[in-house]
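Chemist: One-letter residues, chain by chain:
Number of protein chains: 8
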Amino acid sequence: MKLDEVTISRAILQTHAEIFSRYLELDIAIVGGGPSGLVCAALAAEEGRKVAVIEKKLSVGGGMWGGGMTFPRIVVQEEGRRLLDHFGIRSTLFQPGYYVASSVESVAKLTAAACDAGAEFFNLTSVEDVVIKGDGRVSGLVITSTPVEMTGLHVDPLTLSAKVTIDATGHDAVVAHCIKKKKGDITIHGESFMWAERAETNILDHTREIFPGVIACGMAANAVAGEARMGAVFGGMLLSGEKAAQIAQDQLNKM
Amino acid sequence: MKLDEVTISRAILQTHAEIFSRYLELDIAIVGGGPSGLVCAALAAEEGRKVAVIEKKLSVGGGMWGGGMTFPRIVVQEEGRRLLDHFGIRSTLFQPGYYVASSVESVAKLTAAACDAGAEFFNLTSVEDVVIKGDGRVSGLVITSTPVEMTGLHVDPLTLSAKVTIDATGHDAVVAHCIKKKKGDITIHGESFMWAERAETNILDHTREIFPGVIACGMAANAVAGEARMGAVFGGMLLSGEKAAQIAQDQLNKM
Amino acid sequence: MKLDEVTISRAILQTHAEIFSRYLELDIAIVGGGPSGLVCAALAAEEGRKVAVIEKKLSVGGGMWGGGMTFPRIVVQEEGRRLLDHFGIRSTLFQPGYYVASSVESVAKLTAAACDAGAEFFNLTSVEDVVIKGDGRVSGLVITSTPVEMTGLHVDPLTLSAKVTIDATGHDAVVAHCIKKKKGDITIHGESFMWAERAETNILDHTREIFPGVIACGMAANAVAGEARMGAVFGGMLLSGEKAAQIAQDQLNKM
Amino acid sequence: MKLDEVTISRAILQTHAEIFSRYLELDIAIVGGGPSGLVCAALAAEEGRKVAVIEKKLSVGGGMWGGGMTFPRIVVQEEGRRLLDHFGIRSTLFQPGYYVASSVESVAKLTAAACDAGAEFFNLTSVEDVVIKGDGRVSGLVITSTPVEMTGLHVDPLTLSAKVTIDATGHDAVVAHCIKKKKGDITIHGESFMWAERAETNILDHTREIFPGVIACGMAANAVAGEARMGAVFGGMLLSGEKAAQIAQDQLNKM
Amino acid sequence: MKLDEVTISRAILQTHAEIFSRYLELDIAIVGGGPSGLVCAALAAEEGRKVAVIEKKLSVGGGMWGGGMTFPRIVVQEEGRRLLDHFGIRSTLFQPGYYVASSVESVAKLTAAACDAGAEFFNLTSVEDVVIKGDGRVSGLVITSTPVEMTGLHVDPLTLSAKVTIDATGHDAVVAHCIKKKKGDITIHGESFMWAERAETNILDHTREIFPGVIACGMAANAVAGEARMGAVFGGMLLSGEKAAQIAQDQLNKM
Amino acid sequence: MKLDEVTISRAILQTHAEIFSRYLELDIAIVGGGPSGLVCAALAAEEGRKVAVIEKKLSVGGGMWGGGMTFPRIVVQEEGRRLLDHFGIRSTLFQPGYYVASSVESVAKLTAAACDAGAEFFNLTSVEDVVIKGDGRVSGLVITSTPVEMTGLHVDPLTLSAKVTIDATGHDAVVAHCIKKKKGDITIHGESFMWAERAETNILDHTREIFPGVIACGMAANAVAGEARMGAVFGGMLLSGEKAAQIAQDQLNKM
Amino acid sequence: MKLDEVTISRAILQTHAEIFSRYLELDIAIVGGGPSGLVCAALAAEEGRKVAVIEKKLSVGGGMWGGGMTFPRIVVQEEGRRLLDHFGIRSTLFQPGYYVASSVESVAKLTAAACDAGAEFFNLTSVEDVVIKGDGRVSGLVITSTPVEMTGLHVDPLTLSAKVTIDATGHDAVVAHCIKKKKGDITIHGESFMWAERAETNILDHTREIFPGVIACGMAANAVAGEARMGAVFGGMLLSGEKAAQIAQDQLNKM
Amino acid sequence: MKLDEVTISRAILQTHAEIFSRYLELDIAIVGGGPSGLVCAALAAEEGRKVAVIEKKLSVGGGMWGGGMTFPRIVVQEEGRRLLDHFGIRSTLFQPGYYVASSVESVAKLTAAACDAGAEFFNLTSVEDVVIKGDGRVSGLVITSTPVEMTGLHVDPLTLSAKVTIDATGHDAVVAHCIKKKKGDITIHGESFMWAERAETNILDHTREIFPGVIACGMAANAVAGEARMGAVFGGMLLSGEKAAQIAQDQLNKM
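Chains as they are written, first to last, in the numbering used here: chain A, 17 to 271; chain B, 17 to 271; chain C, 17 to 271; chain D, 17 to 271; chain E, 17 to 271; chain F, 17 to 271; chain G, 17 to 271; chain H, 17 to 271.
Keep in mind the hints are simulated off the structure, nothing from the lab.
Worth double-checking, as some hints may not be accurate.
[To be verified] Straight-line Cα separation of at most 16 angstroms, EDC-like style, residue types lysine to aspartate or glutamate; simulated pairs:
1) K18(F) <-> E213(E)
2) K66(A) <-> D101(A)
3) K149(G) <-> E63(F)
4) K198(B) <-> E144(B)
As the structure is a computational prediction, the values presented were derived from the model and not from experiment.
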């Protein structure tokens, strides 16, 4: 082993700066690396699109890691099982219609699939605003370093452009709220009471363009639509990510 | 979709309680889900051992997620490339002998491999002490819930037993420090200055039983031995995890 | 003494998982383990109902422990003394109509009575939302681990079902606020100025169903109704708990 | 209901001031209201001694409330079951020799028993020093208000006298550490590794006078003696509280 | 020196409990021990009224201690100099009409005068609500221990009664806000921009009954009235305290 | 009232800057404005010395404000009563030899007396180091702004000179610790257990020069000497302040 | 080197007090020492005006230090290059129309120029209110010490007068918000979405008097006007500072 | 103005990555951008060396910004005035031998000079360790992002190499402590008491190589040597920076 510390540092710095610079112009910017964002990233990248996942935290996976109340298991209903199989996530039958999978395995397999398909990941990166120009369409994201944001240091952000933006940020619906905070024409109804069956049924309807250039998926879709809350069942989440990828693909095809 | 919230909750609770209870008796307890711990878990489980990774945080992956100084890339030297390939992690040549991989992909692929091999994961779980009985050997771990520990609430821990314990907790060498804090016969020299080449060369020697029943690997091995520091190069880490799995296997074969 | 640590751990884990799973379907879910919640739990369980107290903190007892301004004594007026006697709480006459009891003894005796009557306790458990389905009635609670909530970790909750829910969470009226936050049809007037006599007189009127499936009692009842504040006198609180148990019993008898 | 707020306030203030003033001179000061302290308080008060429990927190019960890792159940072995029965705590057999009880019920019943026997409770009260005069014996405690201590406000403490002091403060061994901090002649070995069987067997030997005027019981006894750690099994704790009451009684009889 | 620690503790506890209990029924409750509150307390007590100052902090004096921007000097204009002299506070002429005094001396002399006149002080005591009964008049205060409030511990308050309440709590106008928070009929306009001359001229007009039973003085008077801000000049503050004492005296004479 | 804001600001700024600049050279620097420091300041200034009290907090008075355990009363024994009378502090007899005074009045009267005698006060000022030159004697203090210190901002301190320094900083013995931290030849034994009688008797012996140029008084004297702790009795404190003033006077007379 | 600590302290104290007192009456008060404020200060002082920059932090430079996302470089477009050259800040051409400069050099050179032109700096000084008298014009600022503000200590502010005030406080538009908070007649629209080109074009229009006596420049101008956000391009900022200096000069010339 | 957000972002990212990568191999790494570090950087760069200043904070200037006790003025004695003049910093004579300058101007001019001479600045960058290889000489620094360090996120550092390292980190002597923490052969005596004259005289002697490859200057030099403390006089600091540049130059010339 012949190793030089400065070469290691340069390998990291230069490789990343090159990739980061290249990915400042995207086909699809997926904000949030939870279950629906990961599915969307994997499927959109499989179609050959230039995709990046912008994740606020150090790790992707969102609320999946902790399962339900820290018991690291997730439940997927019959309809979503097809996607578990697609990504090689093993599951066991608990009761007819209810499959249980490991939450850790689920994150790992979805992320690995997105990487294999060619999606890029920018973690520790927060979205704090959007770019909207004369056509009134979201055409980019204003991004900052999460640790800088956490410490409240006064540092300006950077900007990336995206033909389509996916808001896959869960309950918080971060992109939608960025638009609303600046008085963009959007109504965020907020999640309603829990009613798993209803929420899982309707999530696909709510997975749609919520503002020119922005598609909501996963819990963000339900939060914007005022839909019921789901709980620790993930079938609808996975299917919503799949649908978001299809809508984005359709929009890009028309450009 | 026909769904009942209580059935979802029960599916999670009962499945996890059953698995947790079963895995309170382990062949190998791997403390720390960073790169060396994940490699060790994957390879030991491939050999058919009953293995669990005890991870303090919500997500596994340790220091790999952030790459170097938040640029999410890792460097692996020639010697370690074999293991990247084994786990399907793609890499590019930066300069002869230096390969660069995505840090996000690396975590995802190592974790997926450990899952596929049958390892279990207990995340949000902290080790705060060890069990040592008449034979002077570490035969179990005292574990607690990380959120409880973070909030300082006064709650008693639980205990699991393991025939072999792996300390894969990085710089902190948590298991070694638990032993030292209670005046067990162990010397922790602490990591020395950075000297990547030396550290990467010697880590395999330091991957060894550091106390009856406890094998150190990864940065914990170097920290206990007083070895030089490595920096953001991961070949030695991966190889150290591999060796720890071999030593554990040897010990178990002799029992 | 022959003892094995793993058996101890399993005894705790399996016993609790079994009870927890069983009590995910309740007759009466009592949210808040303060004085009115404990009285309600004890009396409802004495009637044979399947009852659980969901308590946010590690310990039950609420505001009673600290008496008035940390002097650990509580005052109960003539009308409430009957319930002190029912639960075996000793009191001394301060002045005609005013009885003083130990705040510590009061908590202990009420809790012991609830246990003896068969009520279950889930402490360190926070209610963050309710389940409402097509009939518009609260039919369950979305619960999370308090330490997880305190640390802000991103972990999904679980859900339990209850035929009747009691909001016994004091000033905060937690269940009522969960409903209001999600735009349920409920008005919370908030506690008015202090006027002990009026508040103690009217609390029984305010102990009633405040939303389909939810009965408020104790200070939560007064807070929802906009009633005056009570101060450190507890007769009305105890009587309100008693009345809530009766209303719940009536509702269950009609189902 | 005829009620006057000032009378309520005076009832609390005067009753407590009178009791507090009277209990500034004690036979036995029990520091710490966890399981061993509560058993000790109940049994010593049953013998007619003037006893007070000094508890730092708002609630007594110590580490029992949370059971093991927040599952609210405790395990008691065969030897300790006699005391569960004495205090009316219900338990179920998990496996021969292992009984499981509700942690909430255990706290409530022990506390209620101590109250019934005549012990007083001073909660939200912290011990920060001891009184030692010419005879070198601990003859009193320096106490402060816990909220004052938490906020770091500069306020002088008060003092109470006790013929015998019990250190029932768990791992922290607060009284022992007060003595050590001021260079009193005491050695605190600190708890050793977990080994439940050994710890439970030896705790009764360690329940003894550790400094003139101070008896350690419960985990404080093991912590001072350097004994192994116990885990979530409580038989030894209860028996240790019983023995501390007997030693205190013997010492008082000789005075 | 023959001294017993318990006697010292009893002397403090019993003397204070006796005084505290006696002063739970007041002629005048002055909330806030800043300059106007101290002047009011001194002058009202000189008239023989039963007066207590309720001060949130450990020390009285409010904003006077720090002078202007931590330079410990205060300025008093010609009109207020009479009161400086009345209380024996030395001052020097800076420029015609502007006198400078030591901020530390000012606090000490005002406080000493209030004590000499017979006013009582309850420091570390926060007002969190008011008592209003059928006549719609504030007839008492709900008080709590400041350290308890700071730590957020769940402890009930006590109550005292007062024929007249003075809100001398500065910008915060605490009593007025307690009334407003509970929807009492009061408008708090909030302090306006700084304009010392105007504010000093008008403060006496604003020193008046702002709600039945409550007189505002000092900066609280200006804050309620929407008057301009004063800055570090104290003449109006002192005169406002004087006027509040006169109004209170008038009201009491009429009862 | 004719008032100009800038003139008010200038009056404060210029008056204080002139006094501060003048008092950068002192006869006696008294660090700490608690009871012993205030007595010392009053008596030394009465003798015509140029004296300043350096107080870390916004208000002087130290631990006296809170009395014992927040009950605002202090006890003074027979021997110290003479000084209460000297400063006009009223007291009542609790039991032969024990006098009780108001803690608020005590602070106010001592401070007023020090002001009347001509002592200056620099509050919100922290001592972080001492000046020692070739003669090995403390000849000055390194002072900083307390808010700056609290916020951890990187700002350099200023320096004042004093012929004699009094360490009246209580338990913390701040000046002594500054000397020790920099390896000055001083031993700080730390306060011993509580034993009021012994501590009150010996405090006058311990009130002495503890390092060339530094006299300790009050609790700092006992803390340095390793004397017993006193509790909430203040006679010795006042007498110690008196003695420190006498020693300082003697030293200055010899210069 | 012959040096005396007290002389050093006096040199600092007296020099600063003299300058501070003199600069309590200003021609132009510039609030905020970021890029536009520094340019404005330099150019206004070059015209001979009495100018002071009031900066909240310890250091001036605002958001320039961190460049974009902590990469310490700033971009200036063609139009602004003239000012870079004016202040001697070196830049390199990245692409036609885009110049890159060092963020550290930019701060240093702008600040040095302002100093050379005669502007004064009051750092660690926060503006918390404004002075408005009968003419309805802002004629002064209420200032406080930032560390005092950060620690929440209760200390009164001082006041300075200014013929013209510049709000150069960036997004926060601090002066504008002070006016609005006190119900002054001003509308703050808040920054809109990012659109660099538009924002850079319009900023000069928005650099204008926003309230009698107050001129907004830099991001504060855009924030008040509801203009688009700019990102890490600084040409408009510099030009805005230049224009604010011209408007101020015009206003002063007319007085 | 024709502007594109992505081009602005790329200009910043690519320019900085190129400069950062190039400056990973330095002649001289100056850790700490306070007065001595800035002088050293300016003078060494003037000699044509490849120099970078590694600054932990967002802004350079260290303790100079706040002058003495937040009065933003610094004192420089006769000997140092030459360097003030060299960097164009204006000063006024306070008393023979004592010159006063603006602290803000001093930082700006020193920084501007270092930039003009060609030094690079890496701010928000913390040094957490050193590189030492077979020759026992410090040959590089382990650096991390300050915001990451502040948030405690688990992210690996990068490494840069330097032929000579300057420890200009003030009291903290960060580089020296990195070496000591890892048991390098270095003794850090720590600053002694304040004695400005002595400290200013001796600082040049202490400005020397303190470990192979590391030169200390400024307060770090005195801290390592155990020299007296200086206070707010800066002549020695500036001269020490000058000497450090000369020593570094000598060492480089010999390589």
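Chemist: For which of the previously enumerated hints does the structure constitute a violation, in increasing order of number?
Modeler: The structure breaks hints 2 and 3; every other hint is satisfied.
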